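J.: Chain residues, written in single-letter form:
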Amino acid sequence: MVTLTIDGRTVEVPEGTTVLRAAEKAGIKIPTLCDHPHLQPFGGCRVCVVEVEGLRTLQPSCTLPVSQNMVVRTNTPKVLAARKFVLTLIFSDRNHFCPYCQVSGGDCELQNTALDMGMTHWDYQPAWKPYPVDASHPNLVIDHNRCILCRRCVRACGELVGNYTLGIEERGANSMLIADTGVPFGESTCISCGTCSQVCPTGAIIDRRSAYQGLEKKTESTRTVCVQCSVGCGVEVLTRDNRMVRILGDWDATVNGGVICKLGRFDPLDDTRERVKTPMVRKDGKLQPASWDEALEVIAKTLKAHQGKGIAALVSPRLPAEAMTAFKSLFKEGLHAEMVTSMNGSGMASRLAAEAGVHENTLDVLHCADCVVTVGLDLYSDHQVLGFFIKRRLNTSTALVVMDSRENRFAEYARIALKPAAGKEAFALQALAAAIREGHNGTSGKFGELASKAGLSEAEIAKVADLIRKSGTTVFVYGEGLDENGAKALLEVVQQAGDNTKLVSAKGAANSLFAGQLGLSNSFNPKGCPTVFVALGDDEPSNALIQQLEGTEFLAVAASHVSRLTAMADVVLPVEMWAEQEGTYINLEGRVQKAHAALRPTEWVRSSTEAIMALGKLLDVPVSTDWQKAFQNHPSPVTLIGEPA
Amino acid sequence: MAKPKIASDWMAGCAGCHMSLLDIDERILQIAELVDIRATPITDLKEPDESGVDVGILEGGINNTANEEVAHKMRKRCKILVALGDCAVFGGVPAMRNFFKLDEVLKRAYIETESTDEEGKIPDDPELAKMTKVRAVHEVVPVDVFVPGCPPDPDVIFYVLSELAQGRIPELKDEKLHWH
Ligand code: SF4
Ligand code: SF4
Ligand code: SF4
Ligand code: SF4
Ligand code: FES
Chain A
9 MVTLTIDGRT
19 VEVPEGTTVL
29 RAAEKAGIKI
39 PTLCDHPHLQ
49 PFGGCRVCVV
59 EVEGLRTLQP
69 SCTLPVSQNM
79 VVRTNTPKVL
89 AARKFVLTLI
99 FSDRNHFCPY
109 CQVSGGDCEL
119 QNTALDMGMT
129 HWDYQPAWKP
139 YPVDASHPNL
149 VIDHNRCILC
159 RRCVRACGEL
169 VGNYTLGIEE
179 RGANSMLIAD
189 TGVPFGESTC
199 ISCGTCSQVC
209 PTGAIIDRRS
219 AYQGLEKKTE
229 STRTVCVQCS
239 VGCGVEVLTR
249 DNRMVRILGD
259 WDATVNGGVI
269 CKLGRFDPLD
279 DTRERVKTPM
289 VRKDGKLQPA
299 SWDEALEVIA
309 KTLKAHQGKG
319 IAALVSPRLP
329 AEAMTAFKSL
339 FKEGLHAEMV
349 TSMNGSGMAS
359 RLAAEAGVHE
369 NTLDVLHCAD
379 CVVTVGLDLY
389 SDHQVLGFFI
399 KRRLNTSTAL
409 VVMDSRENRF
419 AEYARIALKP
429 AAGKEAFALQ
439 ALAAAIREGH
449 NGTSGKFGEL
459 ASKAGLSEAE
469 IAKVADLIRK
479 SGTTVFVYGE
489 GLDENGAKAL
499 LEVVQQAGDN
509 TKLVSAKGAA
519 NSLFAGQLGL
529 SNSFNPKGCP
539 TVFVALGDDE
549 PSNALIQQLE
559 GTEFLAVAAS
569 HVSRLTAMAD
579 VVLPVEMWAE
589 QEGTYINLEG
599 RVQKAHAALR
609 PTEWVRSSTE
619 AIMALGKLLD
629 VPVSTDWQKA
639 FQNHPSPVTL
649 IGEPA
Chain B
7 MAKPKIASDW
17 MAGCAGCHMS
27 LLDIDERILQ
37 IAELVDIRAT
47 PITDLKEPDE
57 SGVDVGILEG
67 GINNTANEEV
77 AHKMRKRCKI
87 LVALGDCAVF
97 GGVPAMRNFF
107 KLDEVLKRAY
117 IETESTDEEG
127 KIPDDPELAK
137 MTKVRAVHEV
147 VPVDVFVPGC
157 PPDPDVIFYV
167 LSELAQGRIP
177 ELKDEKLHWH
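From first to last, the protein sequence lines are chains A and B.
Sequential numbering of the first sequence, starting at 9, is according to the numbering used here.
Sequential numbering of the second sequence, starting at 7, is according to the numbering used here.
Worth flagging that the hints you see were computed from the coordinates, not collected in a lab.
A couple of the hints might just be wrong.
Simulated pairs of lysine-lysine, DSSO-like, Cα-Cα distance not exceeding 27 Å [to be verified]: (1) A:Lys226 x B:Lys179; (2) B:Lys107 x A:Lys137; (3) A:Lys92 x B:Lys179; (4) A:Lys637 x A:Lys625; (5) A:Lys37 x B:Lys182; (6) A:Lys92 x B:Lys182; (7) B:Lys182 x A:Lys225; (8) B:Lys179 x A:Lys37; (9) B:Lys52 x B:Lys9.
These numbers come from a predicted model, not from an experiment.
From just these sequences and the hints, can you work out the full model?
T.: Laid out in structure tokens, this is it:
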């Protein structure tokens with residue numbers, strides 16, 4: 009521990025702490041611009057300068073490590089004058105005429121800093137040089153006129169997302185923020201995660217959908233979880249007047265630590281699907297508005313009449329655990345329906361893991377892995393935040409291996425990319441297991457044979473095996489692209505390689521793990537079932553599902569949006585979409601998280617859980633929402649984390 | 007003691023700051039009790055007294071030789087000069103034209119606008135003031151009090167006026183300090 013004095017206050021902090029963080033700890037606020045608590049210290053803006061006894065010049069507190077008995081002053085006239093001067097220089101560069109800026113009036117850290125310092129004006133006019141506005145990107149706009157070159161975006165894109173799209177070209181007054189080698193932002197390698205816009209302190213990177221809709225500080229914020237995939241990132245949903253304005257990554261969320269992907273940040277705001285506004289019942293061949301009572305009555309009557317004659321029920325694994333539990337309890341235990349399952353394509357691999365007694369790890373293993381092998385999973389397009397975790401480590405010694413029989417865009421980041429023949433992943437993994445076991449000093453040929461069965465060369469497999477053997481910790485991340493044999497082979501590799509090998513499974517939809525625990529992972533086959541109930545929530549029905557359900561005698565759908573499926577239905581129940589729901593989600597590593605409603609639905613809309621419970625009541629079937637109990641039904645590949653008491 | 011004399015004028019602005027001043031509503035009577043309101047663009051007397059005033063208030067930036075004269079005259083005749091609003095403090099909206107060349111701006115305004123008839127013509131009467139770059143007031147004459155805002159809030163203007171009326175220099179900070 010190091011003891012120092014800041015503005016007369018004594019502070020004790022661990023060695024290596026910066027003066028800025030030490031001051032924070034002492035409750036002393038030092039203004040900053042280029043600094044960001046989730047990024048490495050940079051020391052570019054000089055707004056945070058302080059006086060240090062014994063040092064001739066002012067020092068940037070954000071990069072200055074503390075030392076024993078240091079005496080720091082943060083608000084001497086010299087410091088204040090320097091700070092004001094630094095701000096004046098920043099303001100008089102480019103265009104900071106605030107009234108027409110997206111973030112003016114409370115959302116701009118530059119403006120707020122100046123106002124906090126009581127600056128009524130600055131002394132120099134700018135050079136009146138117009139800078140370009142790059143609006144080529146589908147989600148973001150870069151207004152270079154507002155850029156202060158703090159490089160937070162550059163650092164966030166590199167350090168957090170591992171994408172390294174943004175950079176600075178030239179030096180000094182000619183410095184410019186660029187994407188890749190200076191291509192239009194929309195034609196760059198950007199993957200639209202929006203992290204750069206979330207860290208930009210000014211109005212320089214703004215997002216198209218939510219810009220100019222009023223200030224962030226005048227919105228209401230709800231912390232909840234993204235339900236677009238099983239990673240379950242923490243998000244902050246900003247709303248005004250019951251309208252979604254913006255979605256931010258939650259910096260405090262354990263899972264993602266602030267980063268989210270395009271699916272979580274932008275896509276929900278682009279959802280233009282029409283809502284189901286009232287219950288509907290088909291009369292004279294046409295869907296017509298009805299009351300909840302009437303709609304439920306029709307469903308209940310039909311279910312009762314068709315009991316034992318073929319009822320199929322399908323639930324979306326995007327729904328909260330409570331809704332899925334109620335669903336299973338009604339249709340499986342209550343009505344003994346012939347087919348009860350979820351649209352969960354990815355329960356199989358984890359079930360096998362649980363059965364084989366292989367424990368899947370939590371996501372923190374990715375933050376310290378020396379080697380990561382992804383199998384049957386494209387982290388460029390799915391579970392993207394897992395991809396960020398991996399990519400941000402690739403400039404250390406961490407190595408990435410991508411094994412996929414399909415086209416895989418994540419392979420472009422890989423040190424070794426293996427493309428086994430379709431359906432032959434099992435051989436590739438068996439070869440790998442053998443190669444790890446045997447070594448490859450030219451004596452044994454078993455893994456070579458297996459490799460060639462997989463359509464790979466012996467050398468390729470040997471290289472990966474070598475990498476794994478030399479790595480401290482290897483993490484296998486597997487996904488839906490792996491068939492049953494492949495999954496079994498992977499489990500063998502993991503079991504054989506021992507403690508240094510970890511397993512993470514990307515499980516598809518938000519509550520896929522839970523769907524698997526409920527035993528709702530079988531593929532859906534409504535054949536021979538004249539009555540079908542689909543608890544769709546805000547999911548989008550697949551073409552395959554629509555085809556399967558064409559010609560169903562009686563189809564009831566609980567959905568939040570109008571779709572081809574609701575158009576086919578005989579009864580439609582209007583239910584909440586993700587941002588309106590309260591409920592439990594269990595992410596791929598077993599973390600129990602609560603979704604909180606950021607929006608109020610209109611009066612006709614109910615939660616999926618309520619809709620199912622109401623049906624149960626009409627049918628006189630007890631319906632349970634006790635998801636904890638339901639979770640224990642099957643051996644689990646993960647341990648629940650953070651289960652609320 | 008005689009009441010302090012106040013005069014105001016506007017230059018390259020939109021008159022919004024003076025409108026915001028009028029927005030202090032009935033409180034203008036309190037101000038009138040404390041000060042002697044002399045020349046303003048919205049009263050009959052247009053020029054600050056030759057014998058001088060205590061407080062001069064300028065709205066707008068300086069975008070031509072006529073504005074320069076107004077600013078110099080006000081500065082010469084007042085003890086305390088107030089720059090009122092973002093245009094006076096920073097250059098504001100009119101200063102956006104500084105990002106273009108003057109003749110481009112004139113061509114756009116007098117010839118190319120959608121509502122201009124065929125004979126669009128850039129005014130060239132020698133009597134007209136000569137256009138310059140748009141400048142904040144303090145770039146042309148020294149300013150004592152800066153009141154940013156586009157326009158400044160009526161409450162802020164009332165505070166500034168009542169402080170000045172009572173012989174104090176207003177201090178803008180916290181919720182009184184806005185740039186938009
Ligand atoms: S980025 Fe900030 S300081 Fe610059 S114009 Fe916008 S609000 Fe003003
Ligand atoms: S959106 Fe994401 S990937 Fe694109 S530049 Fe910003 S941080 Fe980088
Ligand atoms: S765009 Fe924003 S975050 Fe990036 S350098 Fe400019 S001001 Fe900083
Ligand atoms: S990784 Fe998944 S949970 Fe996270 S933001 Fe993207 S879609 Fe949402
Ligand atoms: S915050 Fe320290 S130099 Fe920018």
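J.: Now tell me if each hint is right for this structure.
T.: Outcome of the hint check:
1. A:Lys226 x B:Lys179: 21 Å, holds
2. B:Lys107 x A:Lys137: 11 Å, holds
3. A:Lys92 x B:Lys179: Distance of about 15 Å is within 27 Å: holds.
4. A:Lys637 x A:Lys625: With Cα atoms ~21 Å apart, A:Lys637 and A:Lys625 stay inside 27 Å; holds.
5. A:Lys37 x B:Lys182: 21 Å, holds
6. A:Lys92 x B:Lys182: 19 Å, holds
7. B:Lys182 x A:Lys225: 18 Å, holds
8. B:Lys179 x A:Lys37: Holds, because 17 Å separates the two Cα atoms, which is no more than 27 Å.
9. B:Lys52 x B:Lys9: 20 Å, holds
Violated hints: none; the structure is consistent with every hint.
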